[in-house]
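Q: Chains as they are written, first to last, in our numbering: chain A, 109 to 433; chain B, 1117 to 1409.
Treat the hints as calculated values from the structure; they're not laboratory data. The beta-carbon is built from N, C-alpha and C at its ideal position, and this holds for glycine as well. Hints are not guaranteed to be accurate.
Okay, the calculated bits of chain B under chain A, using three or more residues with CB under 8 Å as the criterion [as the list claims (entries may be wrong)]:
(1) 1222-1230
(2) 1324-1335
Once the Cα atoms are required to be at most 25 Å apart in a straight line, the calculated DSS-like pairs of lysine-lysine come out as [what the hints assert, rightly or not]:
(3) Lys342(A) with Lys1221(B)
(4) Lys1396(B) with Lys370(A)
(5) Lys1340(B) with Lys399(A)
(6) Lys312(A) with Lys428(A)
(7) Lys175(A) with Lys312(A)
(8) Lys1340(B) with Lys370(A)
(9) Lys1340(B) with Lys342(A)
(10) Lys1340(B) with Lys1396(B)
(11) Lys377(A) with Lys1221(B)
Computed, partial: chain A to chain B, Cβ under 7 Å [what the hints assert, rightly or not]:
(12) Lys142
(13) Ala145
(14) Cys146
(15) Ala147
(16) Cys149
(17) Gly188
(18) Leu225
(19) Met258
(20) Pro260
(21) Ser262
(22) Glu327
(23) Val328
(24) Phe372
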Amino acid sequence: MIAVQKPSAVPDPLSVPADAPEHCPGTESDLAGKSDACAGCSNQEICASGATKQPDPALPFINDRMKNVKRKILILSGKGGVGKSTFTAQLGWAFAADDNTQTGIMDVDICGPSIPLILGIASEQVHSSSSGWSPVYVQDNLGVMSVGFMLPSSRDAIMWRGPKKNGLISQFLKDVDWGDLDYLLVDTPPGTSDEHLSIVQYLKESGIDGAVLITTPQEVALQDVRREIDFCRKVGIRVLGLVENMSGFVCPSCKTESQIFKPFTGGAKRLAEEMGVELLGAVPLDPRIGKSADYGVSFLDEYPDSPATAAYIGIIVRIKEILGD
Amino acid sequence: MDPQEQSQVTRRLLSVKNIILVLSGKGGVGKSSVTTQLALSLYDSSPTTRVGILDVDLTGPSIPRMLGVNDHGVHQSTSGWVPVYADGATTRLASMSVGFLLKNKGDSVVWRGPKKNGMIRQFLSDVRWGDLDYLIIDTPPGTSDEHLSLMEHLAGLHSRLSAVVVTTPQAVALMDAIKCVSFTRAVNLPVLGLIENMSGYVCPCCGEISNVFSVGGGEEMARKENLRFLGSLPVDTELVGLLDAESDVPDVLSDNQESFPLLRRYNATPSAKIFKGIVKNILDALANVTAGP
Chain A
109 MIAVQKPSAV PDPLSVPADA PEHCPGTESD LAGKSDACAG CSNQEICASG ATKQPDPALP
169 FINDRMKNVK RKILILSGKG GVGKSTFTAQ LGWAFAADDN TQTGIMDVDI CGPSIPLILG
229 IASEQVHSSS SGWSPVYVQD NLGVMSVGFM LPSSRDAIMW RGPKKNGLIS QFLKDVDWGD
289 LDYLLVDTPP GTSDEHLSIV QYLKESGIDG AVLITTPQEV ALQDVRREID FCRKVGIRVL
349 GLVENMSGFV CPSCKTESQI FKPFTGGAKR LAEEMGVELL GAVPLDPRIG KSADYGVSFL
409 DEYPDSPATA AYIGIIVRIK EILGD
Chain B
1117 MDPQEQSQVT RRLLSVKNII LVLSGKGGVG KSSVTTQLAL SLYDSSPTTR VGILDVDLTG
1177 PSIPRMLGVN DHGVHQSTSG WVPVYADGAT TRLASMSVGF LLKNKGDSVV WRGPKKNGMI
1237 RQFLSDVRWG DLDYLIIDTP PGTSDEHLSL MEHLAGLHSR LSAVVVTTPQ AVALMDAIKC
1297 VSFTRAVNLP VLGLIENMSG YVCPCCGEIS NVFSVGGGEE MARKENLRFL GSLPVDTELV
1357 GLLDAESDVP DVLSDNQESF PLLRRYNATP SAKIFKGIVK NILDALANVT AGP
């Protein structure tokens, strides 16, 4: 299914093999090979021998690649469809607007990769060379890697369980020739599962500079963000701040602002206060943002006068400030 | 099939007539809200219809909040876990979600695939669903562990399975919806049809309809993919508010005897009317699927 030539061997999945029993304690656990659930598992012997508690063999290679990356930022949100990919793309474009800044975007949403379409490079392919897989370049200083570049057709569904997804994420970090980067932005799928755990574990040694959380104003989205902040605290990732997307809509006909997704419970502002994180800004809902994403053009460049552009720029400036750049 | 060979899941769910999966490739297009609306509409279709909702979005469960039963917990009984009944004592609308199992609502469920698989199997085999006309399963975005696990565990009940695909009209969502349809073909799951959600928003001030997320993409896709188009739902702020509400807020209109205020309030929203048409299409499609070989 993957169209890339000469793939390097997929490393052992980080924690749980594909054929693991249901209550597998995880191959790195102290109970690996010894818990009740391990009885009868074909991997029991390997787990019990302690070999699996060794660091992942891919880690030294990942650390080596990531040495040349100054800042690594995760874009997270508990809920889907709140605008992670759109925000990641805008952030990427904004960083890359400075010719001297090298930016990379890594899309680890394996089952629903939107980044290629939003950046207008959906028909591109990944090429491999002796130094690794080369990212697809949107412009000179903006490289992108996504599973979307590896599918023969955009219609194809990737029906993978966790371990295979983890293997690909490790390859994205280990085998992609990112070069020297000032920023690596990682766009994630919704939730707190395999992809998130993997990216955090693979980047633990090289260090993640922080996470930007995206939400929409309604409570159903906010409750998922609460879980995501809890996740960040559990795994020790710094939360750079919260972005409220789709907050308010200006009717193109009468110019009145109304709330499509009403913040009945106080919206991101109250959540930010409640959880002690910073609210980086609120981006109003502008139908042209979605349109720009569909056509793969930069909203910031197309509509520099829009209030949404001003909001985006304010947030991006604040992120740079927090990072001290 | 010899009952001895039937899996626990199959035996437990033999009392369920139809199992409908609500799918969408992309997140945030309204799977949970469509699931809730579908359940409420089916519930309301006759005074005896029994409906179940199973939320298998394990890391982002929204169903408890939407049904207004956020603070409820699951009880054990000798015959299995007792689902949470959103309609109180009438017990015709059962629901189960990982949200009911969390001590603190802000807790994150950070699980890899195998643990998710185990939870889903328990939801299907250990919950005392009882006789149900419809079990509606709300899924997380994507085509991964949860979806594969569901198909695996429900294999013994394949003739009762069908799916509804939800999308929003913009290209980014449609692309994922097509992936999702490819998934249903790969696992041989009959698709009842496609619902386009968030198509258009009516300005509360001037009544102008804005196509916030473009429009018509769903119908176009249904035509190209040879799927039944079930209908389109505009953005309904009343519905957003209703499904967002803390839980049953006491309001002056209801008398104390009323056991299910959510349904009454839902029926007052503009969406409820549109959804009646969608449910009719779904039931038509369902009749075709079950009438087939």
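Q: Now look at each hint and say whether the structure bears it out.
A: Here is what the structure says about each hint:
no.: 1; hint: 1222-1230; verdict: holds (count 9)
no.: 2; hint: 1324-1335; verdict: holds (count 6)
no.: 3; hint: Lys342(A) with Lys1221(B); verdict: 15 Å, holds
no.: 4; hint: Lys1396(B) with Lys370(A); verdict: 30 Å, violated
no.: 5; hint: Lys1340(B) with Lys399(A); verdict: 21 Å, holds
no.: 6; hint: Lys312(A) with Lys428(A); verdict: 22 Å, holds
no.: 7; hint: Lys175(A) with Lys312(A); verdict: 13 Å, holds
no.: 8; hint: Lys1340(B) with Lys370(A); verdict: 35 Å, violated
no.: 9; hint: Lys1340(B) with Lys342(A); verdict: 45 Å, violated
no.: 10; hint: Lys1340(B) with Lys1396(B); verdict: 22 Å, holds
no.: 11; hint: Lys377(A) with Lys1221(B); verdict: 19 Å, holds
no.: 12; hint: Lys142; verdict: 17 Å, violated
no.: 13; hint: Ala145; verdict: 10 Å, violated
no.: 14; hint: Cys146; verdict: 12 Å, violated
no.: 15; hint: Ala147; verdict: 16 Å, violated
no.: 16; hint: Cys149; verdict: 11 Å, violated
no.: 17; hint: Gly188; verdict: 1 Å, holds
no.: 18; hint: Leu225; verdict: 6 Å, holds
no.: 19; hint: Met258; verdict: 14 Å, violated
no.: 20; hint: Pro260; verdict: 12 Å, violated
no.: 21; hint: Ser262; verdict: 6 Å, holds
no.: 22; hint: Glu327; verdict: 4 Å, holds
no.: 23; hint: Val328; verdict: 5 Å, holds
no.: 24; hint: Phe372; verdict: 5 Å, holds
When the structure is compared with the earlier hints, violations turn up for hints 4, 8, 9, 12, 13, 14, 15, 16, 19, 20 and for no others.
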